[in-house]
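Read top to bottom, the protein sequences are chains A and B.
According to the working numbering, the first sequence is numbered sequentially starting from 2.
According to the working numbering, the second sequence is numbered sequentially starting from 2.
Everything labelled a hint here was simulated from the structure, so no lab data went into it.
Predicted, not measured: the structure shown is a model, and the values here were computed from it.
Watch out, some of these pointers could steer you wrong.
No copy is singled out in the list; a pair is fine if it fits within one copy or between any two copies.
[What the hints assert, rightly or not] Straight-line distance between alpha carbons at most 16 angstroms, and here's what the computed EDC-like set of lysine to aspartate or glutamate pairs gives:
1) 407 <-> 326
2) 498 <-> 525
3) 580 <-> 644
4) 469 <-> 297
5) 498 <-> 614
6) 504 <-> 522
7) 71 <-> 127
8) 124 <-> 181
9) 407 <-> 259
There are 2 protein chains.
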Amino acid sequence: MRKKGIIVRKGMKIQKQISQKAYRSTDGFLRHYQQLVKDVVIPYQYTVLQDKAEGVEKSHVIQNFINAGKALAGQDVGDGFYGMVFQDSDLAKWLEAVAYILEQFPDAELEQTADELIDLVEKAQDSDGYLNTYFTIKDKEKRWTNLLEGHELYCSGHMMEAAVAYYETTGKDKLLRVMERNAEHIYKRFVTEKTPGYPGHPEVELALLKMYRACGNRHCLELAKHFIDVRGVDANYYEKEIAARDWVVWGNDATNYEYQQSGKPVREQKDATGHSVRAVYLYTGMADLASETDDEELLQACRNLWKSVVHRRMYVTGGIGSSVEGEAFTVDYDLPNDTAYAETCASIGLMFFASRMLENEVKREYADIMELAFYNTVLAGMQLDGKRFFYVNPLEVLPGTSGVIKTHRHTLPARPTWYACACCPPNVARLLASFGKYAYGENEDMVFCHMYAAGTVAFENGMEMECKTGYPYEYQVTYEIKHGGKGIAVRVPAYSKEFTLLKNGKEAKYEMRDGYVYLEEVQDGDVIVLKLDGTAHFVYTSSKVAANTGMTAIKRGPLVYCFEGVDNAEDVLSLRLKKDSKIEIRDFEAALLGGTEKITVEALRMQDAHDSEEEGLYMIKPPVEIPCTATAVPYYTWGNRGENQMRVWINYI
Amino acid sequence: MRKKGIIVRKGMKIQKQISQKAYRSTDGFLRHYQQLVKDVVIPYQYTVLQDKAEGVEKSHVIQNFINAGKALAGQDVGDGFYGMVFQDSDLAKWLEAVAYILEQFPDAELEQTADELIDLVEKAQDSDGYLNTYFTIKDKEKRWTNLLEGHELYCSGHMMEAAVAYYETTGKDKLLRVMERNAEHIYKRFVTEKTPGYPGHPEVELALLKMYRACGNRHCLELAKHFIDVRGVDANYYEKEIAARDWVVWGNDATNYEYQQSGKPVREQKDATGHSVRAVYLYTGMADLASETDDEELLQACRNLWKSVVHRRMYVTGGIGSSVEGEAFTVDYDLPNDTAYAETCASIGLMFFASRMLENEVKREYADIMELAFYNTVLAGMQLDGKRFFYVNPLEVLPGTSGVIKTHRHTLPARPTWYACACCPPNVARLLASFGKYAYGENEDMVFCHMYAAGTVAFENGMEMECKTGYPYEYQVTYEIKHGGKGIAVRVPAYSKEFTLLKNGKEAKYEMRDGYVYLEEVQDGDVIVLKLDGTAHFVYTSSKVAANTGMTAIKRGPLVYCFEGVDNAEDVLSLRLKKDSKIEIRDFEAALLGGTEKITVEALRMQDAHDSEEEGLYMIKPPVEIPCTATAVPYYTWGNRGENQMRVWINYI
């Protein structure tokens, strides 16, 4: 018999994410964000989902569930369905965020709201287990006829994730049962009845693996494996699907195999292609399945795809999917700064993928990238006040061009309040609320600290400890062991060439493997201190990346810095950095941008040297170099002080 | 009574283009190109127009005229119309090129071909003067109902230009009469009957002014003035037009006022906007009308638009219209190199505009830009063999990215043989064939040398001279006065800070005004020598242009140089130039790229300095600087040695 709310992990060999119950944030960087999610983001997004937020794009998602319930009850559906074909997922992601946040911040009223919404979801489920408001309201006959665009499996996946989370933190299993029935419905169709097809937008695979661990239902595992194994085997599946139906959502091109990662079986795929969120959600499911089933071949495919993403197609900010065309990966080294897409959701998905790779093999590269994506692109996705969001995260913004001209229409210079396609805002909320899962891991003998998050952790293996740190603004992390008896492994990031590990004030004896320091066994009362090198430094891009030749950026720990007009006389274009100059970290300012430190660096202001007006834009004389000080702030804080120029990469001399 | 073939210029005050009869190219750079137009381009394009070129996009333009003639004669139209709605203009531009080339290279067979084609054009003209094969074949009822997209006035304009040219060089006026009837047809509709509307694609304005000078028909002048004056006065005209019809060509957005330069009256327009070819064709007509009618207000508008184009929206290569979206201007300083559009036709149009501005005021800036556009973007538009053409002229090309990924689908790394929209190839041909008109000008008292073109010139004012020069590879220009008695004005380009002017071997006494040296009167046998500074030098972009910060390019005279992979170890991205290093011009190689000189310069090869593979694309160590020699070739020659990397702008240290 399973204990309610406890999720059993089978086949886990290396280490796994901790339970949401295990981590409580305390004072520090993360606590601030989790509190913001609780106090602002969740309530704000709820008003949006209820269509009560003023001046904000209508969501209608809750009404869609109500109307779907009416449709099933044979009642009038009122104003019917409104929104994107994947609108259901907005509620699912919000519910998932609520589930996580309730663990840390119990709130009877919020929980009741969630319970009531779950009742609506249950009522919107058909008797055969089918659940999707778009098709239930608009046309039941069209169910499952458009996997390419219909997002039914995507929406199911997100509701499964919400169900698992809500079960995990509240112990309530109503939504879990709803989604288990839904999973059985899908299993029957695609496995039992052998109906061909695979998800247009991967997501259900990773969700089914969560379901499997929560419900213990092997059909969920088999179904996840089925979708991963059949993907791309019949590369022409979507073309046949289109030929068999007389309707479309947008009319996606079924032959764009790269876009939907369907050109060949996933085990044979070596380059990250197509829609970047679809890609990393797929890879997450693949990595998860590989660890769950001990599938070395699948893991090797994941490693190849990881390298493709991280070593050849990723921005320094952990942003991925460089092109607005298809929200997609393009080719190696194509990383334009001003037209970058770098969707917030894609970097969240990259964190998922990294976290699942860590469950296959504990290597710091995965955690380094997970942290990089988090502290830069994911956090930049949200205004510091929690009420505005970026979908797109460019590395260069010029007011008057960005968000204005057609080629730059997607690179907005300021965060909007909401989007018609509102995938990113609730995705940020659920990620922030469940950060502990990504920061900490465990197995029977050992606990793992992948990222540094102040708070208490009560591991399932019995270890208990408190982490104290002002990271990412302080580079000392202290682990106070409350209940020991197991080992502890802590990542030392690649950026920190030097580090010190102390145990009870003395240099600790440790083993270093793949970027983690391992202490075999710690005892109650032990205090472990990791001192990292948080020196700010320049970073250079491989010359294969055309967009960044001759340029440098500044990093400190995981934080990428950027130069904004407001700190630099409204002109960052004419700045030049001097690669030998000293980078100074200014004092922490609690009132600045949610609490941050500016960085200053000696620089040159390049002044056009016109011979005559006739020269126009092109001058024979080199620009005059005027010494100045350039000021940078962390990338995640950009765009919080009005519209202004912003650049991450600056030319250097 | 007018003498056949002589075009009378009224109201000319400053100076005007010479007649096509006046200039004969002799040995030199231009002669080579004109010979190529005669020997290769015109015959090749004729096979294309006849649909006889293998592996080339079908044109069908001649057949369209045949079929239109049949339609008017009540006969079966066979295979009907094929091609773009503006397909007629391809034949018109070819005929115009033929007309020009026949002057220098008499060819009875070619002239007979042209005569026969003109017979076809005449047969395709309706009894009321209407001429357009698309509407005549497809649906006569739709005539004049879609000025926004229909290109009837555009096609008329190009055929008028051909008519004037053919009349000018052959004295034959059949096509001129056809087009005068066509002009009267248009005049009746838009002036006499006061039908609202103005051209979707400006062109007819500048053509009507040519017609006016060739025919002496004031209706042509009035009609040109009418179209210029009404443009944008009723900014909503196209919306009304759409509301009144039930068909579209592409469904262009009528409210995109900037695209069609129709948001406000042209005299009030200050920024160059929208489709760049439409824009410069319009401005050419405006400038021409301003000089013809002594309209200072219109001239001031032209000056404003000139500055907008040249000082804020032009590439160093004279390319304009930076965006593929609408083939258009965007905003000030938005000049991306890798996604540049910079259509060949737009730079040809910029030369037209410059030449007409010179007819308003002799200032070297106009001639400098005319020359810049010619020697770089216009010439780059054609393969050195005369058989392949670029529509788009990027300043950075990376095989595997350029022409491949969606955002770069237009920046092809190699010239195609032809285009479905084939505006550029015949446009290059007619420009090259009539180069003398742009190079030389005259008024009653003076001859003007705007550009340096070896050859003999017999001016209408009686002056005769021969120009000898190896320009743009030699920077000495000699004018041997065969028949004097008038003054001569020669431009000294802005790039040549120093120069020497000799008259019969001694320093000449001259007056310098607006960048031209004026010699009041020269006599038979005088030899004028202008020695320019052709030193190769670096050029820097204003820091307002984000794409070029930290970069430099190399120019020599009007020639912009570029770095290609084939000369630089297949890697131009890792090159860095040193701004203080010496630029060396290598010996002229007749066998290299149609005869050119390479430039070499001390440079650095930046080698990625990885700490470990984990770093991926982003490294903490600065790249290692390895001294090397970088080699550049003139931009107009790029892409003639296979697909490879190309960059104009290179980072400097």
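Here is what the structure says about each hint:
{"no.": "1", "hint": "407 <-> 326", "result": "both (12 angstroms within a copy, 7 angstroms between copies)"}
{"no.": "2", "hint": "498 <-> 525", "result": "neither (30 angstroms within a copy, 81 angstroms between copies)"}
{"no.": "3", "hint": "580 <-> 644", "result": "neither (28 angstroms within a copy, 35 angstroms between copies)"}
{"no.": "4", "hint": "469 <-> 297", "result": "neither (37 angstroms within a copy, 75 angstroms between copies)"}
{"no.": "5", "hint": "498 <-> 614", "result": "between (51 angstroms within a copy, 15 angstroms between copies)"}
{"no.": "6", "hint": "504 <-> 522", "result": "within (11 angstroms within a copy, 97 angstroms between copies)"}
{"no.": "7", "hint": "71 <-> 127", "result": "within (11 angstroms within a copy, 65 angstroms between copies)"}
{"no.": "8", "hint": "124 <-> 181", "result": "within (15 angstroms within a copy, 76 angstroms between copies)"}
{"no.": "9", "hint": "407 <-> 259", "result": "between (25 angstroms within a copy, 13 angstroms between copies)"}
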